[in-house]
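K.L.:
So you can see what is in the structure, the chains are spelled out below.
Number of protein chains: 2
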Amino acid sequence: MEDIYQYIEDHKEMYLDWLMEICKQPSVAAQNRGIEETVNLVEQYLQRLSIAVENIPTSGNPIVYGELDSGKDRTLTFYNHYDVQPEDPIELWESPPFSPEIRDGKLFARGTADNKGTLLSRICAIHAYQQVYKELPINIKFIIEGEEEIGSPHLSEFTEKHPDKLTTDGCIWENGFKSTDGRLQVTLGCKGMLYVELHAKGANVDLHSAKAAIVTNPAWRLVWALSTLKNEQEEILIDGFYDRIQEMTMEEKELTESIDYKEREELEQLGLKSYLNNLTGFNLKEKLIFQPTCTICGMESGYTEQGAKTVLPSVAKAKIDFRLVSEQDPDEILQLLRKHLNKHGFEDIEIVRLKGQRAALTKLNDALVQKVVSSAEKFFEKKPQVMRSQAGTGPMYTLCQKFGIPAVGFGIGHAGSHNHAPNENIYIDDFIEGIKFAALVIHEF
Amino acid sequence: MEDIYQYIEDHKEMYLDWLMEICKQPSVAAQNRGIEETVNLVEQYLQRLSIAVENIPTSGNPIVYGELDSGKDRTLTFYNHYDVQPEDPIELWESPPFSPEIRDGKLFARGTADNKGTLLSRICAIHAYQQVYKELPINIKFIIEGEEEIGSPHLSEFTEKHPDKLTTDGCIWENGFKSTDGRLQVTLGCKGMLYVELHAKGANVDLHSAKAAIVTNPAWRLVWALSTLKNEQEEILIDGFYDRIQEMTMEEKELTESIDYKEREELEQLGLKSYLNNLTGFNLKEKLIFQPTCTICGMESGYTEQGAKTVLPSVAKAKIDFRLVSEQDPDEILQLLRKHLNKHGFEDIEIVRLKGQRAALTKLNDALVQKVVSSAEKFFEKKPQVMRSQAGTGPMYTLCQKFGIPAVGFGIGHAGSHNHAPNENIYIDDFIEGIKFAALVIHEF
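Residue numbers (the UniProt record's numbering), protein chains in the order written: chain A, 1 to 445; chain B, 1 to 445.
Bear in mind the hints are in silico, worked out from the structure with no lab data behind them. Treat the hints loosely; a few may be bogus.
Intra- or inter-copy, both count: the list cannot distinguish identical chains.
[Said to hold, decoys possible] Straight-line alpha carbon distances no greater than 25 Å define the calculated SDA-like cross-link-like pairs of lysine to any residue that follow: (1) LYS317 - PRO422; (2) LYS141 - ALA52; (3) LYS317 - ASN277; (4) LYS72 - LYS371; (5) LYS165 - LYS201; (6) LYS378 - PRO406; (7) LYS273 - GLU350; (8) LYS165 - GLU13; (9) LYS273 - LYS287; (10) LYS201 - GLN335; (11) LYS201 - ASN277; (12) LYS273 - ILE51; (13) LYS24 - HIS208; (14) LYS262 - ASN204; (15) LYS339 - TRP224.
The task is simple: from the sequences and hints, build the whole structure.
P.N.:
Okay, here's the thing in structure tokens:
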């Protein structure tokens with residue numbers, strides 16, 4: 001592998017340029033911005049590897065599918081996505097989100113960590129491998145979708161229409177990062193998700209707030225409805241919400257115990273004194289990885305600009321994500337939510353489902369898991385950290401678990417990468433190292 | 001008076017042009033937009049009446065003060081304001097808010113009803129009176145402020161520094177409208193107000209919402225805090241909130257009973273099935289005029305654009321107005337609110353006071369009241385409707401009650417004028433009629 005590592009080292013400026021090129025291109029699925037341009041770019045990258053590229057249309061954004069048949073026994077699939085989260089709130093970015101900028105050894109831009117950086121690390125790894133050895137030791141598939149950040153609503157269209165494109169011996173999942181102690185996280189699962197909007201409506205027009213004495217206020221309706229969903233002890237109050245959650249196994253508890261979680265550093269970085277419910281240690285990590293959530297991601301009603309406007313709003317909206325675990329089913333949770341609102345007298349509040357996804361878990365003793373972990377132990381100075389599941393969500397169930405395919409995630413981010421938030425960034429060294437490690441995994445598999 | 005009415009009739013196009021001219025000029029106090037330009041315009045109007053104009057600076061927007069000393073015994077003051085509410089939400093306007101447009105006999109623009117139309121009706125009345133009779137029968141004072149829509153925060157600076165400018169025999173209050181049955185509303189009071197923002201803070205940066213499992217969410221904190229302020233039965237739950245409210249007198253009950261309130265029509269217009277708590281009749285009117293409120297005028301947190309963004313917000317804000325009645329004191333209510341939040345464990349939620357104003361009531365048997373009512377009975381086909389108080393708020397206490405000055409309000413709006421909301425409008429006929437009536441009040445006083 002040394003000659004490949006050397007090749008990567010010698011061409012790191014070029015690979016960094018490739019990454020900066022794609023980070024310049026917005027691709028915000030939530031706002032349908034820049035999708036076509038990004039698809040074209042991704043196709044160009046794959047073509048540099050002489051991979052057979054197909055642009056597979058869906059009812060939403062197309063999936064870029066690539067297949068490199070080296071005539072080998074074994075096939076490894078890379079699942080990635082070319083879409084990114086909205087850059088809002090734009091005013092908190094220190095440099096423009098789609099003008100990649102290098103500061104302090106880090107590359108700042110939307111998508112550097114999630115997920116363009118990790119995608120490119122894999123493309124560059126194959127490129128380097130081909131330059132040095134001409135031929136790969138395995139067959140490769142790329143499934144690169146454009147709607148991961150909005151819940152992959154059309155990925156199952158793809159899986160249903162193209163079962164042949166799914167067959168593989170294992171899937172390397174899209175993303176990952178190094179934990180605060182510098183250990184590569186190797187992740188074996190994702191939380192699921194139900195993402196909804198709640199809409200409350202009042203009069204058909206905003207009114208002078210004097211009328212609030214007698215006319216219903218949708219902002220109050222929404223506040224009261226929301227306040228029934230979760231209490232200040234963070235207990236989600238929807239009947240049946242926790243029913244399908246399984247107890248942790250001993251092995252899961254041990255893995256969780258072994259995670260180095262830099263509480264004090266994180267709290268300091270976030271400007272906080274403590275975590276929710278004063279959680280620490282095992283309980284904190286267990287909550288993060290194994291417990292579901294109910295999160296207000298956004299809410300809006302009435303006048304929100306500067307100063308005092310005395311207005312009675314006509315509409316109030318909230319965006320809520322439920323992170324799901326174990327066997328929780330987003331469709332069932334949606335029904336439970338509707339029942340819950342009705343039970344509390346909020347039949348008037350409309351629920352709009354924006355995305356749904358089941359949680360996924362690859363078995364700890366799977367061969368792919370063993371291979372990735374042993375490669376990481378060989379490559380990195382520090383022992384990798386096996387994570388039973390990430391705290392985040394992805395369509396791992398849709399693409400892998402549903403078909404019995406093992407999936408393992410790792411990537412090039414770090415604990416302070418600010419995924420989904422302003423000033424998203426990666427260390428340039430992590431990117432180059434990530435290219436090398438991806439090449440090693442291909443080699444070992 | 002007939003010759004004055006005729007003059008007004010002959011020059012109604014000119015007076016309408018005057019009104020459209022000032023409505024073209026934005027003057028949004030909440031956003032500090034167009035103040036200086038509007039002050040200049042108002043001064044020009046007063047100069048057309050040969051009124052001695054003073055631009056009186058305050059720590060906020062200047063007050064335009066005008067005095068026409070006709071050497072008479074009696075003085076009448078007109079209190080008006082040149083500022084307007086923000087035009088937001090702009091997308092619901094059928095024509096641009098600062099491009100006055102005539103449709104169906106109505107003039108649409110921000111400020112037509114509140115308060116530029118009524119201000120102009122008084123200026124035009126004096127103009128017509130002077131053209132026909134040369135001299136006015138009374139002395140006139142104008143106090144035209146530029147911060148009424150943000151709670152008149154600097155009006156007391158003016159009252160403290162210029163007690164001589166306040167002395168008067170009575171004050172005609174800024175605004176009013178015709179009720180749904182076409183009767184002129186003559187209003188003898190205003191509700192008070194406390195307007196605050198509540199700020200909840202979480203981490204110092206927006207985070208990926210996976211972290212919501214362990215990191216505090218200010219949107220939840222705000223929702224929980226708000227839900228303790230008022231229950232679904234519309235009871236405000238702050239200890240001591242109702243303590244300073246006096247019982248209605250028999251006379252007040254009778255006046256309230258006599259109000260024609262077109263419930264069915266209003267509900268239909270607003271697209272609603274019923275009022276809050278299914279109120280109707282006397283109870284509805286009593287709630288609107290005599291009861292305090294606690295209204296969410298706006299709230300915002302996290303991601304509010306299109307689609308699903310999974311973000312844990314770092315900030316959540318709500319704007320709340322409390323309409324106050326009787327002897328409720330905004331400063332005391334602010335203290336009670338702070339105590340209430342602390343008592344419920346929300347010491348972390350910051351309160352920002354944006355405006356405060358006490359309620360005001362002129363005595364029913366005051367001479368000015370009698371004069372305005374008898375003039376209205378003479379002038380209008382329909383009997384005027386005496387309103388003990390408007391449901392809205394103004395600085396009547398600061399300018400009048402505090403100094404024992406009686407104040408009576410009437411104006412040129414109608415029940416569908418949409419004050420503070422999109423598509424604010426007046427009937428052009430009401431404007432012309434309002435000029436005539438203002439001339440009559442001057443004549444009779």
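K.L.:
If a hint holds in the structure, say so; if it does not, say that too.
P.N.:
How the hints compare with the structure:
1. Both within a single protomer and between protomers do LYS317 and PRO422 lie at most 25 Å apart by alpha-carbon distance, with minima of 23 Å and 20 Å respectively.
2. In the homo-oligomer, the alpha carbons of LYS141 and ALA52 lie at most 25 Å apart inside one protomer (10 Å), although the nearest pairing across protomers, at 85 Å, exceeds that limit.
3. Proximity of LYS317 and ASN277 under a CA criterion of 25 Å is satisfied inter-copy only: 23 Å between copies versus 27 Å inside one chain copy.
4. Only within a single protomer do LYS72 and LYS371 lie at most 25 Å apart by alpha-carbon distance; the minimum there is 18 Å, versus 102 Å between protomers.
5. Taking the shortest Cα distances, LYS165 and LYS201 never come within 25 Å of each other, neither inside one copy (45 Å) nor across copies (47 Å).
6. In the homo-oligomer, the alpha carbons of LYS378 and PRO406 lie at most 25 Å apart inside one protomer (22 Å), although the nearest pairing across protomers, at 89 Å, exceeds that limit.
7. In this assembly of identical chains, the alpha carbons of LYS273 and GLU350 lie at most 25 Å apart only when taken from different copies (17 Å versus 37 Å within one copy).
8. Taking the shortest Cα distances, LYS165 and GLU13 never come within 25 Å of each other, neither inside one copy (33 Å) nor across copies (75 Å).
9. In this assembly of identical chains, LYS273 and LYS287 lie within 25 Å of each other by CA distance solely inside one copy; the values are 18 Å within and 45 Å between copies.
10. Taking CA atoms no more than 25 Å apart as the test, LYS201 paired with GLN335 passes inside one copy only; the shortest distance there is 21 Å, against 32 Å between copies.
11. Taking the shortest Cα distances, LYS201 and ASN277 sit within 25 Å of each other only across copies (16 Å), while inside one copy they are farther apart (34 Å).
12. When the C-alpha separation of LYS273 and ILE51 is checked against a cutoff of 25 Å, the pair qualifies neither within a copy, at 51 Å, nor between copies, at 62 Å.
13. Taking the shortest Cα distances, LYS24 and HIS208 sit within 25 Å of each other only across copies (22 Å), while inside one copy they are farther apart (45 Å).
14. Only between protomers do LYS262 and ASN204 lie at most 25 Å apart by alpha-carbon distance; the minimum there is 18 Å, versus 50 Å within a single protomer.
15. With identical chains, the CA atoms of LYS339 and TRP224 are at most 25 Å apart both within one copy (16 Å) and between copies (21 Å).
Consistency note: the structure conflicts with the earlier hints numbered 5, 8, 12.
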